[in-house]
Amino acid sequence: MNIELKKPSIPEGLWIKCISCNDTIYRDDYDEKFNICPNCNKHHRLDVTRRLEITVDKGSFKEYDADLKTVNKLNFPKYIDKIELLEEKTGLKEAVVTGECKINKNKAVIAIMDSRFLMGSMGSVVGEKITRAIEKATAKKLPIIIFTASGGARMQEGIFSLMQMAKTSAALKRHSNAGQLYISVLTDPTTGGVTASFAMLGDIILAETGALIGFAGRRVIEQTINQQLPEGFQTAEFLLEHGFIDKVVNRRELKDILSKTIEIHKGGKR
Amino acid sequence: MFKKILIANRGEIAVRIIRACKEMGIQTVAVYSEIDKESLHVQLADQSVCIGQASPQKSYLNIENIISATVLTGAEAIHPGFGFLSENSKFASICNECGIEFIGPTAEMIDKMGNKSEARKTMIEAGIPVVPGSKGKVEGIEDGLKIAEEIGYPVMIKASAGGGGRGMRIAYDKEKFISAFNTAKSESKKAFGDDTMYVEKYVENPKHIEFQILADKHGNVIHLGERDCSIQRRHQKVLEEAPSKVISGELRDAMGKAAVKAAKSIKYQNAGTIEFLLDKHGDFYFIEMNTRIQVEHPITELITGIDLIKEQIKIAFGEKLLIKQKDVKITGHAIECRINAENPELNFMPSPGTITDLRLPGGYGVRIDSQVYSGYTIPPNYDSMIAKLIVHDKTREEAINKMKRALDEFKIKGLCTNIEFQKVILNKEAFIEGKYDTAFIANHIG
Numbered sequence: 001m002n003i004e005l006k007k008p009s010i011p012e013g014l015w016i017k018c019i020s021c022n023d024t025i026y027r028d029d030y031d032e033k034f035n036i037c038p039n040c041n042k043h044h045r046l047d048v049t050r051r052l053e054i055t056v057d058k059g060s061f062k063e064y065d066a067d068l069k070t071v072n073k074l075n076f077p078k079y080i081d082k083i084e085l086l087e088e089k090t091g092l093k094e095a096v097v098t099g100e101c102k103i104n105k106n107k108a109v110i111a112i113m114d115s116r117f118l119m120g121s122m123g124s125v126v127g128e129k130i131t132r133a134i135e136k137a138t139a140k141k142l143p144i145i146i147f148t149a150s151g152g153a154r155m156q157e158g159i160f161s162l163m164q165m166a167k168t169s170a171a172l173k174r175h176s177n178a179g180q181l182y183i184s185v186l187t188d189p190t191t192g193g194v195t196a197s198f199a200m201l202g203d204i205i206l207a208e209t210g211a212l213i214g215f216a217g218r219r220v221i222e223q224t225i226n227q228q229l230p231e232g233f234q235t236a237e238f239l240l241e242h243g244f245i246d247k248v249v250n251r252r253e254l255k256d257i258l259s260k261t262i263e264i265h266k267g268g269k270r
Numbered sequence: 271m272f273k274k275i276l277i278a279n280r281g282e283i284a285v286r287i288i289r290a291c292k293e294m295g296i297q298t299v300a301v302y303s304e305i306d307k308e309s310l311h312v313q314l315a316d317q318s319v320c321i322g323q324a325s326p327q328k329s330y331l332n333i334e335n336i337i338s339a340t341v342l343t344g345a346e347a348i349h350p351g352f353g354f355l356s357e358n359s360k361f362a363s364i365c366n367e368c369g370i371e372f373i374g375p376t377a378e379m380i381d382k383m384g385n386k387s388e389a390r391k392t393m394i395e396a397g398i399p400v401v402p403g404s405k406g407k408v409e410g411i412e413d414g415l416k417i418a419e420e421i422g423y424p425v426m427i428k429a430s431a432g433g434g435g436r437g438m439r440i441a442y443d444k445e446k447f448i449s450a451f452n453t454a455k456s457e458s459k460k461a462f463g464d465d466t467m468y469v470e471k472y473v474e475n476p477k478h479i480e481f482q483i484l485a486d487k488h489g490n491v492i493h494l495g496e497r498d499c500s501i502q503r504r505h506q507k508v509l510e511e512a513p514s515k516v517i518s519g520e521l522r523d524a525m526g527k528a529a530v531k532a533a534k535s536i537k538y539q540n541a542g543t544i545e546f547l548l549d550k551h552g553d554f555y556f557i558e559m560n561t562r563i564q565v566e567h568p569i570t571e572l573i574t575g576i577d578l579i580k581e582q583i584k585i586a587f588g589e590k591l592l593i594k595q596k597d598v599k600i601t602g603h604a605i606e607c608r609i610n611a612e613n614p615e616l617n618f619m620p621s622p623g624t625i626t627d628l629r630l631p632g633g634y635g636v637r638i639d640s641q642v643y644s645g646y647t648i649p650p651n652y653d654s655m656i657a658k659l660i661v662h663d664k665t666r667e668e669a670i671n672k673m674k675r676a677l678d679e680f681k682i683k684g685l686c687t688n689i690e691f692q693k694v695i696l697n698k699e700a701f702i703e704g705k706y707d708t709a710f711i712a713n714h715i716g
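Protein chains in written order, with my numbering: chain P, 1 to 270; chain U, 271 to 716.
FYI, nobody ran anything at the bench for these hints, they're computed from the structure.
A couple of the hints might just be wrong.
To be verified - For lysine to aspartate or glutamate, the following EDC-like pairs were computed, each having C-alpha atoms within a straight-line distance of at most 20 Å: (1) U:550 x U:699; (2) P:17 x P:28; (3) P:7 x U:367; (4) U:360 x P:29; (5) U:487 x P:28; (6) U:360 x P:28; (7) P:107 x P:263.
All chains should be modelled from the sequences, with the hints used to inform the complete structure.
Here's what the structure looks like:
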């Protein structure tokens, strides 16, 4: 008849700690769908699956080049071991997923980088998948949207990585010449060779609230120029203030902003 | 029975709960904010844990720290008292997830009654009389106006999430309705983060009568009679008495039955209070349910001889109610005066400070529930209530005389209190004759 007395304990995952504000948040209060801290509004990183969930219309995504696999051309020690381990851990084959989708019923080609996979670094496969996605968008007369999240070029692939910068940029130029739209969405973190190539080439460049965006790291710059950098340097907001990007976007509004932008630019170059 | 209970509250109610636990042989854990280190509840409990800074948000409303303190001390249950987290469904559900018994209703029941327009809808469905008005929330100003025309002016515009008079406006005509609706809506948005509104007929000068109910986990529900809480200042209760002078045995039965039916309709558990408005024609209407122990619970205890806190603990543990409705006998008359650290001369401005000298009243039939002692400093961070003076006697007249005598004995030096103000109420003819309603203070004292 009476209740069973239990030893009180806190179940795993009841509280989520925000690494930005250090606050502890009750699981149900945490905006898991968008991965945004309700306390400090930090937009925590999203993996590909969740990014697709909040961006594309349900059931509309058709993936391109899912089987494209990395090879170790330079025989870089333990490179393939690392790749295999990450494949197992993340369920991804590489740091970018590309495909065709609908966003609020508007067709688009989309490429989403995932920082869990070698910090979203750009090797041959990442570069190739993005290039092919752009080319498909051009051929099909569709806009291309790229969500960037990357530490830069992949050091394990040396010069092959750096070549991807030129390759992707060239594809975007052809897309542009064909009068087609490219929206770049910079998410945390967007740095190095990715910033120096396709990330900054968008006709419209959006960035998520608080995202880190830069080329070299803050410390490297400070040590090189021997000067202290201003507060907020390399954040989305700082870049907006200095004219590098077009808009800082709250992730909750991103889907609607993307679909509106696509609608406005329908028909391509006039 | 529980071996250890954590009291997630402060002040006199924490002391009250610790006392009940001690009498039941249950160990107690007090939680306190940094500023409450010297508090009486901390001194009386077997264990105490500091849960944060003085601001309520950082301590008594800090769910994470309270749960951690419970796990740390191995308490099996939490008594939330009133205010703070007592009607927070999230807290109740977190307790449940952590294997801690929340001494009160379940999260679902709190949610059902916490949203006032939702509660109103539930009661209409259960056949409990409610003040004529919208069935649930009002969709917009047009919808509201339509309802107002139907039920006739004056009408009361209320916020679903409201309380303490905020988000509440009276409208006497169509023109007033529009402006009142908009101000109430924006006030509610600001105060509660929710601007769902509903509209009711404004019952002019009603009595505020509430019924205490007890419900166990086995479907047994009883009521313990009413409390007359019509003496209010700006919607805050000042003095309460039980039983009410204007309620006949017959009306008590009818209202009590409605209260029990209301509780049963949501399968309510633990102690709760069903609030009614009683108009001059003897018609009563459900207004809301408080899903927790009330400040004024001692007057019910004194006239029924039932310790409500102990019953709450037993119910939470799963015991069946041993008292049947027919066993509930109302004996004598009880009055409670809320003693606040405030200055009636300065529009009742809170008056925190250090008590330099204290003389408490006593004698037969006098009870004091308080956290104060000589030398205690009342912090400015919390509610200004510092004591509840409760008396019990055979008749209402004797109880009034006893209360006057007890108030005369009550001396607190070092800060201002409303003791003299309470005496003014007790000496007013309208009060003595029992002819008072919620407008009493505004009309008779100002």
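A quick look at each hint next to the structure:
1. U:550 x U:699: holds, 19 Å
2. P:17 x P:28: Cα-Cα ~13 Å, so holds.
3. P:7 x U:367: Distance ~12 Å between residue 7 of chain P and residue 367 of chain U Cα, so the pair holds.
4. U:360 x P:29: The given pair, whose Cα atoms are some 10 Å apart, holds under the 20 Å limit.
5. U:487 x P:28: The hint is violated at about 27 Å.
6. U:360 x P:28: holds, 9 Å
7. P:107 x P:263: holds, 10 Å
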